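Undergrad: So you can see what is in the structure, the chains are spelled out below.
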Amino acid sequence: MSDSLVFKSIRQLGGLVQAREVSPTELAEVFLDRLERLGPDYNAVVTVTRERALREARRAEEEISAGRYRGPLHGIPYGVKDLLATKDGIPTTWGAAPFRNQVFDYDATVVERLGAAGAVLAAKLAMVELAGGGGYWQPNASFTGPGITPWDKNRWSGGSSTGSGAATGAGLVPFAIGSETGGSIMSPSSNCGVAGLRPTYGRVSRYGAMALSWTLDKLGPMCLTADDCGLVLEAISGRDPKDPTTTRRSFAYDDSDVGSRRFRFGVMENVTDHVDEPTRTNFERALDVLAEVADIEEMRFSDLPHEEILQVILFAEAASAFEEIVDSGKLAELTAPEDRFGAYPRVTVLAKDYINALRLRRLVAENAEEVMSPFDALVAPTRSGVPTPVNQGFRSATLHAGKDTMMSLGNVAGLPAVSVPSGFSAEGLPTGIKFMGRAYEENAILAAARAYQSLTDWHERHPPDLLPAG
Amino acid sequence: MSDEATKRDVEERFNTVKRLYGDRLDHKQLEGVRTGVETIVRASQAVSAVRLENGDEPFSVFMPYREEG
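Note that the protein sequences, when read in sequence, are chains A and B. 4 is the number of the first residue of the first sequence in this note's numbering; add one for each residue after it. 2 is the number of the first residue of the second sequence in this note's numbering; add one for each residue after it.
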């Protein structure tokens with residue numbers, strides 16, 4: 004029974020737990036064993052929280068035995084990116100050597116909410132140091148080593164939510180929490196062959212999360228299916244007085260059957276101009292599949308400097324958020340050589356440029372709302388290429404150097420997006436397709452992604468060497 | 002902004018970083034800092050190139066604080 008629990012969706016595992024066909028303790032033991040045994044192969048784990056997991060699992064078991072079933076996350080193990088505060092003496096390292104012994108005496112709101120839903124915290128997961136706040140250029144940018152995709156031990160997991168992607172894709176946890184400021188959920192979701200949801204800005208409280216950029220940071224789930232992302236988002240979303248940016252708009256996941264629904268999708272013109280051949284081929288095939296359930300039209304955004312707006316906002320806010328880290332000289336202790344100086348230039352961002360970027364942000368958001376309003380979602384390749392070699396830089400002048408407008412615009416405007424697997428290259432490396440929606444339209448993009456997943460089986464494929472024996 | 006003015010802007014900002022933190026950075030790192038400053042200057046120029054009207058406010062709203070409940 005234990006082996007068959009790996010690579011099952013939350014929906015499936017929840018059904019087994021509710022029916023008492025598997026106990027939360029049994030489930031916790033299966034995934035704790037995999038985290039401890041396989042986690043090091045992918046540099047995916049910082050801390051396995053065995054003691055806390057078994058305590059939470061036993062509590063879930065008692066509650067379920069007493070007839071108090073809390074819902075689909077009850078008794079389900081999970082991991083969080085190691086930028087979320089956790090109590091009980093569990094370190095919160097931010098992926099960075101200078102903070103490897105940092106401890107908080109409280110749980111982040113997301114961890115609290117998952118606890119309230121009955122989920123079981125099994126691991127703090129690896130991440131790029133300071134969530135990429137040093138400006139890393141290559142994968143070896145964490146004190147736990149470079150993130151590795153479960154699909155090829157010589158390839159990068161994507162970042163900065165490296166461990167959240169790798170642990171989910173390797174079947175070390177049924178789901179994980181990642182964070183995104185400028186691509187950090189989308190990138191590892193694509194590279195690790197999992198589903199990842201970047202919620203609308205303000206949908207999920209960041210209280211207890213390391214701040215990189217206050218007006219860009221978002222937390223979201225990484226799971227095996229889009230459906231699971233909806234289940235987790237419902238549990239973690241909602242107003243939080245401790246994070247004043249959280250919205251009062253509530254989110255209830257609409258998991259109703261998409262059935263014969265016909266969608267309308269937009270595709271940004273020239274969206275595949277700078278992507279590699281496998282990614283382009285798989286995206287075109289995905290469009291053919293989607294044509295069965297959707298009308299697809301080309302569209303364009305207004306000609307604004309989306310990437311530069313993102314950079315100016317991110318650099319200015321990070322300069323403030325990391326001022327103490329910069330001034331203290333702790334940057335010198337970071338793993339990636341480029342992270343040891345990458346934050347210094349940001350002290351030169353002028354206040355008027357930052358404010359102008361915030362003024363342009365309104366124009367970006369208004370334009371996005373206008374041109375996206377006819378569509379249920381925009382679709383695009385999640386990343387410009389398959390996972391790059393783990394020892395290779397990924398921001399070279401020649402490697403996929405095109406601007407990623409969908410990423411920049413989506414983060415500047417705070418729009419939700421979900422990435423799901425779209426196939427593989429000839430070498431067996433995963434690619435992803437993302438569905439980006441209007442603000443607060445997570446249900447629309449999740450329905451679109453579910454429709455795609457109902458027509459494909461990419462999400463049901465897992466790394467052969469990680470499938471349980473037998 | 003002319004190329005010359007851009008170079009001057011980069012140099013002035015680079016010297017600010019050097020003055021503040023130069024004692025802890027080696028030559029190679031300082032060259033990396035210069036590249037970083039160039040990125041910031043280019044991004045700032047792109048942002049400044051878009052015409053804004055006086056009434057185009059920043060997309061951030063200040064709300065006076067009052068405890069909830």
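Source of the hints: derived by calculation from the structure; they are not laboratory data. Treat the hints with caution; some may be incorrect.
Unchecked claim - Simulated coverage check for chain B against chain A, where a stretch passes if three residues somewhere in it have a Cβ under 8 Å from a Cβ of chain A: (1) 16-30; (2) 34-46; (3) 54-61.
As the list claims (entries may be wrong) - Derived DSS-like pairs: lysine-lysine, alpha-carbon spacing no greater than 27 Å straight-line: (4) B:LYS29 <-> A:LYS333; (5) A:LYS406 <-> B:LYS8; (6) A:LYS11 <-> A:LYS156.
As the list claims (entries may be wrong) - Pairwise CB distance ranges, derived in the manner of DEER restraints: (7) B:ARG20 <-> A:SER253: 49 to 55 Å; (8) B:GLU68 <-> A:GLU372: 46 to 52 Å; (9) B:ARG43 <-> A:GLU39: 43 to 49 Å; (10) B:ARG20 <-> A:PRO43: 40 to 46 Å; (11) B:PRO65 <-> A:ARG365: 19 to 25 Å.
What you are looking at is a predicted structure, and each value in this text was computed from that prediction instead of being measured. Just so you know, even glycine gets a beta-carbon here, dropped at the ideal spot from N, CA and C.
Undergrad: All hints are to be evaluated individually against the structure, with a verdict given for each.
TA: Consistency of the hints with the structure:
Counting residues of the stretch 16-30 of chain B whose C-beta sits closer than 8 Å to any C-beta of chain A gives 7, which meets the bar of three, so the coverage hint holds. Look at the stretch 34-46 of chain B against chain A: 8 of its residues bring a Cβ nearer than 8 Å to a Cβ of that chain, three or more, so the hint holds. Counting residues of the stretch 54-61 of chain B whose C-beta sits closer than 8 Å to any C-beta of chain A gives 5, which meets the bar of three, so the coverage hint holds. Between the alpha carbons of LYS29 (chain B) and LYS333 (chain A) the distance comes to roughly 18 Å, so the proposed pair stays at or under 27 Å and holds.
Only pairs whose Cα atoms come within 27 Å are accepted, and LYS406 (chain A) paired with LYS8 (chain B) is accepted, the gap being roughly 24 Å. The suggested pairing of LYS11 (chain A) with LYS156 (chain A) holds, with an alpha-carbon distance near 23 Å, which does not exceed 27 Å. At roughly 51 Å, the beta carbons of ARG20 (chain B) and SER253 (chain A) sit within the given window of 49 to 55 Å. Checking the proposed 46 to 52 Å range against GLU68 (chain B) and GLU372 (chain A) shows it is violated: the Cβ atoms sit about 32 Å from each other.
Taking the beta carbon of each, ARG43 (chain B) and GLU39 (chain A) are about 46 Å apart, inside 43 to 49 Å as hinted. The hint said 40 to 46 Å for the Cβ distance between ARG20 (chain B) and PRO43 (chain A), and at roughly 44 Å that hint holds. In this structure the hint that PRO65 (chain B) and ARG365 (chain A) lie 19 to 25 Å apart at CB holds, the actual value being about 21 Å.
When held up to the earlier numbered hints, the structure conflicts with hint 8 and nothing else.
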